[in-house]
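S.K.: Respectively, the protein sequence lines represent chains A and B. Mind the numbering: the first sequence is residues 314 to 413 in the working numbering, read in order. Mind the numbering: the second sequence is residues 309 to 815 in the working numbering, read in order.
Treat the hints as calculated values from the structure; they're not laboratory data. Treat the hints loosely; a few may be bogus.
Here are the computed lysine to aspartate or glutamate pairs in the EDC-like style, where the Cα-Cα straight-line distance is at most 20 angstroms [to be verified]:
1) B:Lys338 / A:Asp402
2) B:Lys768 / B:Glu723
3) B:Lys611 / B:Glu763
4) B:Lys718 / B:Asp733
5) B:Lys691 / B:Glu763
6) B:Lys793 / B:Asp648
7) B:Lys793 / B:Glu728
8) B:Lys718 / B:Asp648
9) B:Lys658 / B:Glu766
10) B:Lys768 / B:Glu728
11) B:Lys768 / B:Glu678
12) B:Lys691 / B:Asp751
13) B:Lys691 / B:Glu678
14) B:Lys778 / B:Asp360
15) B:Lys328 / A:Glu320
16) B:Lys611 / A:Asp402
17) B:Lys793 / B:Glu765
18) B:Lys813 / B:Glu685
19) B:Lys730 / B:Glu763
20) B:Lys388 / A:Glu322
21) B:Lys589 / A:Asp402
22) B:Lys658 / B:Asp648
23) B:Lys589 / A:Glu322
24) B:Lys391 / A:Asp402
25) B:Lys691 / B:Glu766
26) B:Lys328 / A:Asp402
27) B:Lys389 / A:Asp402
Pair by pair, the computed Cβ-Cβ distance ranges are [stated by the list, open to error]:
28) B:Glu721 / A:Glu373: 18 to 26 angstroms
29) A:Ile325 / B:Ser313: 13 to 21 angstroms
30) B:Lys492 / A:Glu337: 39 to 47 angstroms
31) B:Ala518 / A:Leu315: 18 to 26 angstroms
32) A:Phe333 / B:Thr384: 33 to 41 angstroms
33) A:Phe333 / B:Glu728: 17 to 25 angstroms
Positions of the beta carbon are idealized from the N, C-alpha and C atoms, including for glycine.
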Amino acid sequence: MLNWITEHEQYIYIVILMVFLGIEVIGRVPSVLHTPLMSGANAIHGVVVIGAIIVMGKAEGDNYLALVLGFLAVILGTLNVVGGFVVTDRMLGMFKKKKN
Amino acid sequence: MQLLSIIYLIASVTFILGLKMLSNPAAARKGNLIAAGGMALAIIGTIFLYTDDSGQSLHNYGWIFGGIVIGGIAGTFSAKKVKMTAMPEMVSLFNGMGGACAALISISEFLHISSTNKGFTLYPPLSKLGNSINGNITLSTTNNDFIFQLIIIVAGLIIGSISFAGSVIAWGKLNGKIKDVTFKGQHGFNLLIFGIVFFIAVYFVIKAPASIDLGDNAHLFISMITKNATPIFFLLFAFSLLYGIFFVLPIGGADMPVVISLLNSFTGVAAACGGFLYNNKVMLTGGILVGAAGTLLTILMCKAMNRSLKNVLIGSFGGSASTGAHNAMVGNYKEISINDAAVAMSFAHKVMIVPGYGLAVAQAQHVCHELEKMLEEKGVEVKYAIHPVAGRMPGHMNVLLAEADVSYDKLLEMEQANDEFKTTDVVLILGANDVVNPAAKSDPSSPIYGMPILEVEEAKMVIVNKRSMKPGYAGIENQLFFQPKTCMLFGDAKGVLQKLVGEVKSL
């Protein structure tokens, strides 16, 4: 176990720091922005699409099951990213308009 | 590979910066664009620069770009087309897609390490040893690494599947396609399914890997997946989906935003699992960041509604006992005509509008803005009192009113509004119910007791627009409607507002 921790030290650091950062960074968000913030965070976890791209890109050319699964994963992941950012931008665009 | 590391570092920073700026009204839009830019950079970088441990770069470019183009077009199209009122369910659906993506990655990786006829996996950098091994074998210096990899795959599968199934149910519930389903012993049943998922997961992690120690001197393990592990893996997949469905099914519509926010943070953690799997730091950073921020946001939302997360997840809103108690208090209510309502507002000094979800479903925010302008021309001061959970999500109502060009400084948050109700002549409640229910202050047996509300009864007169006397989303009777200073104005919010605008104009 101790061995394992030393080996993955970097990752454990990242996880711990990101937990605190994630909490700190949105700690004082006004309730007005809860919905856009949720939507924006939703787009950011679309980073999972990178994993899908790696799966897809590593699949052997004749392994159709892997290709189809990877393909589906890339589509869904991209939907999450693109849809998420566009929807958030649309919401925030409305905030901006009425400000001037 | 070095360039890619730098790209990932930049992308991680943009995510953090983006989230930070998203919490500030002035910078929010820019923050979103910055995070999107970082994401685009990370995706393009991965496609062209990624190499695995043995130095192989990616192939199947046709499939990758095909998927990105299809997903990109579908995502842009649905995000642009969706009505602002349907925003919460859209976010939920996108979240589900991310969860499904994470689950599919886990499935692909499992099939990859368990495939019987193909290739070999070199896990960590064993390519250095120059070994050429055939078959379904993973080599590592300790078998811990292999087990760790399996745990991550299983975690990604479970969390991703729950997030996917749950988000789809939440989406269906918000747009009315799926009704609340409650049955006796539901919590026990859910707990049982969760127990089964947990048990299968542990069983799988213990039973699936088979490792052979090559000898004390070599410190080399050969690990592989046992044959009968595959059906267990898919059984785990099925039960995770099932749990996701039954987890969201009993939760009432009023609590749905909290659930979406929670599932949002789940997907973040599922994405982070992918980060562990591929030693990919940007996935890890983005995933954990969203996991943490999403959890905090969930708690903030619960606080705004004065509900504990446990209550949201276990107790469905509006228990039968308390609704029964309130029915006894039902008395007489009085109705007001459009004409009288128009007169009352036109000759008031200050009118406070309390918008609720009824306004949103009727798409009446534009007419509402028109009424506001009309009244202002007559010298009436008009403001909006926004409860933190008005609409279907915290902040949802602000977005809707912003869409209708309502000026930002007319929107009062709850505390400000409560200070101003005393000097308000007429309060116009448009399709809001639970957020103005005095039972939250006065009746400890009420399920919403303790929730901060808009204290509209402080004003001189209250006009309530509702479609009927039906209780609100939480299913609780509202004594406000039976108070002497309250008048009911029945009808669809849009129709009523249009008639009001006409009346006010003609006065």
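S.K.: Work down the list of hints and note, for each, if the structure agrees.
M.R.: Quick rundown of the hints versus the structure:
1. B:Lys338 / A:Asp402: 9 angstroms, holds
2. B:Lys768 / B:Glu723: 19 angstroms, holds
3. B:Lys611 / B:Glu763: 18 angstroms, holds
4. B:Lys718 / B:Asp733: 17 angstroms, holds
5. B:Lys691 / B:Glu763: 15 angstroms, holds
6. B:Lys793 / B:Asp648: Holds, at roughly 14 angstroms.
7. B:Lys793 / B:Glu728: 17 angstroms, holds
8. B:Lys718 / B:Asp648: With a Cα-Cα distance of about 25 angstroms, the restraint between B:Lys718 and B:Asp648 is violated, given a limit of 20 angstroms.
9. B:Lys658 / B:Glu766: Holds - the C-alpha atoms of B:Glu766 and B:Lys658 are around 13 angstroms apart, at most 20 angstroms.
10. B:Lys768 / B:Glu728: Holds - the C-alpha atoms of B:Glu728 and B:Lys768 are around 12 angstroms apart, at most 20 angstroms.
11. B:Lys768 / B:Glu678: 24 angstroms, violated
12. B:Lys691 / B:Asp751: Violated, because 29 angstroms separates the two Cα atoms, which is more than 20 angstroms.
13. B:Lys691 / B:Glu678: Answer holds: B:Lys691 to B:Glu678 is near 13 angstroms, not above 20 angstroms.
14. B:Lys778 / B:Asp360: 61 angstroms, violated
15. B:Lys328 / A:Glu320: 31 angstroms, violated
16. B:Lys611 / A:Asp402: 27 angstroms, violated
17. B:Lys793 / B:Glu765: 8 angstroms, holds
18. B:Lys813 / B:Glu685: 10 angstroms, holds
19. B:Lys730 / B:Glu763: 9 angstroms, holds
20. B:Lys388 / A:Glu322: 43 angstroms, violated
21. B:Lys589 / A:Asp402: Outside the cut-off at roughly 26 angstroms; violated.
22. B:Lys658 / B:Asp648: Roughly 16 angstroms separates the two Cα atoms, so the pair holds.
23. B:Lys589 / A:Glu322: Roughly 13 angstroms between the alpha carbons, so the hint for B:Lys589 and A:Glu322 holds.
24. B:Lys391 / A:Asp402: The given pair, whose Cα atoms are some 14 angstroms apart, holds under the 20 angstroms limit.
25. B:Lys691 / B:Glu766: The given pair, whose Cα atoms are some 16 angstroms apart, holds under the 20 angstroms limit.
26. B:Lys328 / A:Asp402: 15 angstroms, holds
27. B:Lys389 / A:Asp402: Holds - the C-alpha atoms of A:Asp402 and B:Lys389 are around 13 angstroms apart, at most 20 angstroms.
28. B:Glu721 / A:Glu373: 18 to 26 angstroms: 57 angstroms Cβ-Cβ, so the 18 to 26 angstroms window is violated.
29. A:Ile325 / B:Ser313: 13 to 21 angstroms: Because 19 angstroms falls inside the window, the suggested range holds.
30. B:Lys492 / A:Glu337: 39 to 47 angstroms: 44 angstroms Cβ-Cβ, so the 39 to 47 angstroms window holds.
31. B:Ala518 / A:Leu315: 18 to 26 angstroms: 25 angstroms, holds
32. A:Phe333 / B:Thr384: 33 to 41 angstroms: Cβ of A:Phe333 to Cβ of B:Thr384: about 34 angstroms, so the range 33 to 41 angstroms holds.
33. A:Phe333 / B:Glu728: 17 to 25 angstroms: At roughly 38 angstroms between Cβ atoms, B:Glu728 and A:Phe333 fall outside 17 to 25 angstroms, so the hint is violated.
In the structure shown, a violation is registered for the earlier hints numbered 8, 11, 12, 14, 15, 16, 20, 21, 28 and 33, in ascending order.
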